[in-house]
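Line by line, the protein sequences are chains D and F. Just so you know, we're using UniProt numbering here: the first sequence kicks off at 1 and counts up by one. Just so you know, we're using UniProt numbering here: the second sequence kicks off at 1 and counts up by one.
Treat the hints loosely; a few may be bogus.
Stated by the list, open to error - To spell it out: a stretch of chain F is covered by chain D in this simulated footprint if at least three of its residues, at any positions, have a beta carbon under 8 angstroms from a beta carbon of chain D; those stretches are: (1) 44 to 50; (2) 117 to 124; (3) 136 to 148.
What the hints assert, rightly or not - Sample of chain F residues with no beta-carbon within 10 angstroms of chain D, all distances over it, derived: (4) N9; (5) H11; (6) E34; (7) F36; (8) S40; (9) Y61; (10) T70; (11) F101; (12) N103.
Claimed, not checked - Derived DSS-like pairs: lysine-lysine, alpha-carbon spacing no greater than 27 angstroms straight-line: (13) K41(F) with K362(D); (14) K99(F) with K282(D); (15) K397(D) with K41(F).
No wet-lab data here; the hints were simulated from the structure. Ideal placement from N, C-alpha and C gives every residue a C-beta, glycine not left out.
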Amino acid sequence: MSPSVPLQEMIRAIRSARTQCEERGVIQRECAAIRAQFRQNDNGSRSHNLAKLLYVHMLGYPAHFGQMECVRMIASPRYSEKRVGYLGAMMLLDEKQDASLLITNSIKNDLSHSNQYIQSLALCTLACMGSAEMCRDLAPEIDRLLRSANSYIKKKAALCAVHIVRKVQDLGELFVSAARSLLSEKNHGVLHGAVVLITELCERNPETLERFRKTVPDLVQIMKGLVISGYSPDHDVAGVSDPFLQVRILRLLRVLGRNNETASDAMNDLLAQVATNTDSTKTVGNAVLYETVLTVLDIKSESGLRVLAVNILGRFLLNNDRNIRYIAMTSLQKIVVTDHNAVQRHRGTIVDCLKDQDASVKRRALELSLALVSASNIRSMMKELLVFLSSCPLELKAQAASGIFIAAERYAPSQRWHIDTILHVLTTAGGDVRDETVPNLIQLITNTSELHCYTVHKLYRALLEDISQQSLVQVACWCIGEYGDLLLRGECQETEPVQVTEDDVLDALETVLQSHMSSPATRGFALTATMKLSTRISDNVDRIRSIVSIYGSCIDLELQQRAVEYNALFKKYDHMRAAVLERMPVIQRNSSGQNSEDASEETIKEIQVTKVKQEELVLAQQPAGPVRSHDQVCDLLDLLSGPQEPLQPSLAPAQPISTTTALMLDRFYIWTQKGFILEHNLDSGLLATLTASNSSDSDISSFTLQAAVPKVRLSVFVSELEQIMRNIKDGSIGVDGLSLNLFLILKYEITGINREGASTPNSLFLSFFKSGHDVLHLRSFSLFRCRTDLIEVIT
Amino acid sequence: MIKAILIFNNHGKPRLIRFYQYFAEDMQQQIIRETFHLVSKRDDNVCNFLEGGSLIGGSDYKLIYRHYATLYFVFCVDSSESELGILDLIQVFVETLDKCFENVCELDLIFHMDKVHYILQEVVMGGMVLETNMNEIIAQVEVQNRLEKSEVRPFLSSSKSFPLIYVFGFSQVSAIKYSLSVL
Chain D
1 MSPSVPLQEM
11 IRAIRSARTQ
21 CEERGVIQRE
31 CAAIRAQFRQ
41 NDNGSRSHNL
51 AKLLYVHMLG
61 YPAHFGQMEC
71 VRMIASPRYS
81 EKRVGYLGAM
91 MLLDEKQDAS
101 LLITNSIKND
111 LSHSNQYIQS
121 LALCTLACMG
131 SAEMCRDLAP
141 EIDRLLRSAN
151 SYIKKKAALC
161 AVHIVRKVQD
171 LGELFVSAAR
181 SLLSEKNHGV
191 LHGAVVLITE
201 LCERNPETLE
211 RFRKTVPDLV
221 QIMKGLVISG
231 YSPDHDVAGV
241 SDPFLQVRIL
251 RLLRVLGRNN
261 ETASDAMNDL
271 LAQVATNTDS
281 TKTVGNAVLY
291 ETVLTVLDIK
301 SESGLRVLAV
311 NILGRFLLNN
321 DRNIRYIAMT
331 SLQKIVVTDH
341 NAVQRHRGTI
351 VDCLKDQDAS
361 VKRRALELSL
371 ALVSASNIRS
381 MMKELLVFLS
391 SCPLELKAQA
401 ASGIFIAAER
411 YAPSQRWHID
421 TILHVLTTAG
431 GDVRDETVPN
441 LIQLITNTSE
451 LHCYTVHKLY
461 RALLEDISQQ
471 SLVQVACWCI
481 GEYGDLLLRG
491 ECQETEPVQV
501 TEDDVLDALE
511 TVLQSHMSSP
521 ATRGFALTAT
531 MKLSTRISDN
541 VDRIRSIVSI
551 YGSCIDLELQ
561 QRAVEYNALF
571 KKYDHMRAAV
581 LERMPVIQRN
591 SSGQNSEDAS
601 EETIKEIQVT
611 KVKQEELVLA
621 QQPAGPVRSH
631 DQVCDLLDLL
641 SGPQEPLQPS
651 LAPAQPISTT
661 TALMLDRFYI
671 WTQKGFILEH
681 NLDSGLLATL
691 TASNSSDSDI
701 SSFTLQAAVP
711 KVRLSVFVSE
721 LEQIMRNIKD
731 GSIGVDGLSL
741 NLFLILKYEI
751 TGINREGAST
761 PNSLFLSFFK
771 SGHDVLHLRS
781 FSLFRCRTDL
791 IEVIT
Chain F
1 MIKAILIFNN
11 HGKPRLIRFY
21 QYFAEDMQQQ
31 IIRETFHLVS
41 KRDDNVCNFL
51 EGGSLIGGSD
61 YKLIYRHYAT
71 LYFVFCVDSS
81 ESELGILDLI
91 QVFVETLDKC
101 FENVCELDLI
111 FHMDKVHYIL
121 QEVVMGGMVL
131 ETNMNEIIAQ
141 VEVQNRLEKS
151 EVRPFLSSSK
161 SFPLIYVFGF
171 SQVSAIKYSL
181 SVL
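Generate coordinates for the entire structure from the input sequences, incorporating the hints supplied.
Written as structure tokens, this is what we have:
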């Protein structure tokens, strides 16, 4: 058996290996020798072997065969072996391994050993890897040690108790009294451990917190002693007396003073004293000041103290040391919600930090800037944030982009500014924005109808420059498809006119379709946009047909399906093409988000789906209404009486006089579809007539019209109406603008194709207005265009 | 709470690793590699705080590091520790090492890995700061070393190997010693 090489020679051998392979070889030989020696129980060099094993473990090689050896070494009576054994236990074992249970007994014995260093080894190991069972077993021992006379042991026992409390919360009760008594210690190490223990106990258990509130005066005394006392060489670090202990006590004071007036009052003086007396030229002084500031801002301190704290943070912000600036921004982040105005004062400095070279400082500055955006500073802040976005490191881009979107949505001063901002973000960081940006932006664009022309021009220009940013390309394709006619028209009030020919537009879309940089989703957008253009342009429809037919044999399944369906639109359903590819209506933003996302893609197959959603929409918005009124079938003749039935009995007393002051058109179309027209006529005040006429060549059959009025609303309507009638009779003025929603569903068959349509709940109103003293008139108007694209309303 | 303490050199070779939370071995090595990757990219005049990588934990954890000549001392801590306090703690630890090893350099850490562990055990225990007074730490470490020495001595003549802990002279070390400038 070759003699085992001592640790350092082994290390030297490993280091002299010139390649990774050689190193592995050396280590494998060594491990084999160590394993053999473990089996042999070679007494003299057991500790060396384990030390070697630990070194090998640090380099990343497997060392699990040393676990049992650790257990054996811990049980050995010799200090050197125990020491390495415990170290091995801490490195190799954890509560998940079975071997860790075996050392419980050894630890228990060692905790009562006469030698304090052996006790300390046991305490250390328990604190590092003690499992919940071990903690439960040994907690009484620890409590006993907390009361021992030896301060070395006491401080270690205190931290061990913290670990126990973390593992098994219930055992905290056990340590409360011991912790309380430790506060009167003089030894700083013990005091430090005691404060950590008390902090942990208070954070976990509110009752314990209450009990420890009484110790606030003691803690204040200790702090005062530290701050005021003269130079103490033992604990001095760069002029500050035991800064670590000060920081710990301040943190405990924070926990105790939170949400509690009396405790906070007791600490006010102390905090003011620490804040003013601590020397802030060194890092240690700054550490104490920083902790003081955090405490002041977290407890119920008086306002003067708060102002002082925020000023200290402001001073930190201007410090040359980047660490201090980072720290200052971290703490400002914590208070930006509660003391918003105070933080706003430092906005300039924070925005400057956006330009710092340091990535950590930039990150902090970004988060803080986003928190500081408000309605008053949105324009200037956005300028800065956009500049930042163009030069920021990659890992921050997504966060910056989404933060900008949220801020823009909340505080946008005008629609155009909003769209401009979003476009800017897409052009600079389009690849890093989140997925839901695209539908959100599309929804925003459709909502601002006056800017469609401007938007599509800008997007087109952006598309020409760069087709690599997927989100931008998707939005641009969608807009070009929708508003291509505006683009081709050329002139636009908001930007300079640019002559765009149909060929240019189709070229752009084709480039997107063919480019390697486009993702499949983007290609889908481009294909649909090309198809939509077929109804908006006049000359190049053939070109579109050829593009679409090419993709009928594309490998991508989604594209192929779309292309085939669009081809079908060209061939068999050409008469429907214009209707299908019409302008999309304004997309309602729903809280579910479901509908608006579907709205961004329009194909034939989705019309059925949208109709179903339409009814769901109706149901959702009129929970009380009897919308399921399909059983209430009216035929054409009943149209005249149907909606007005509830009104007529009450109207009898009031005889209408024909009015000349009617303000609305009396007649309008509810439905036009290839020759089928449903009209609504307002005759002489209170009678509304719906007339359906068919001017196409083919016959119409199976016509059904269903009208519904929400039940609840109806009863309200009727009672209000009665009130009005009474007022009119009395001579007092009645109320204007009383209105009732009317909901229509109609179905018919023409040339063998079933047509269906429905109005939205908000699309048709029957409302009353007064003109003259005692005359009530009925008028109808529509507010919004209907959802299903098959109904066109003109007023 | 301190989650991990890592010391590695400018090329990423670990010189001391101590995890106060359980990680599997391969995970540990991955964390070391990732941390090295993050820390080595940093300039020398930027701040000493890094938001951690994905492996070392969630948003609550930060990497606080100091760079001394050829070594990076990295502490991974959560929000319950004061950041500036930990920076000072690193300083205290390095100064303690300096006193214990007399002008400590990287080679000392390499060849006396276990001794460094014992010193660290006096400073940080179970992820919490135990003692920050340098003199106290050194005193305790020396007592423990003497204790160990007194045990080993009776066996010194019979064992074939050298007592590995107390190699004070570096005559066996043939490599060049670089000096460590303490920032």
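task = If any of the earlier hints don't hold here, list their numbers in rising order.
result = The structure conflicts with no hint, since it agrees with every one listed earlier.
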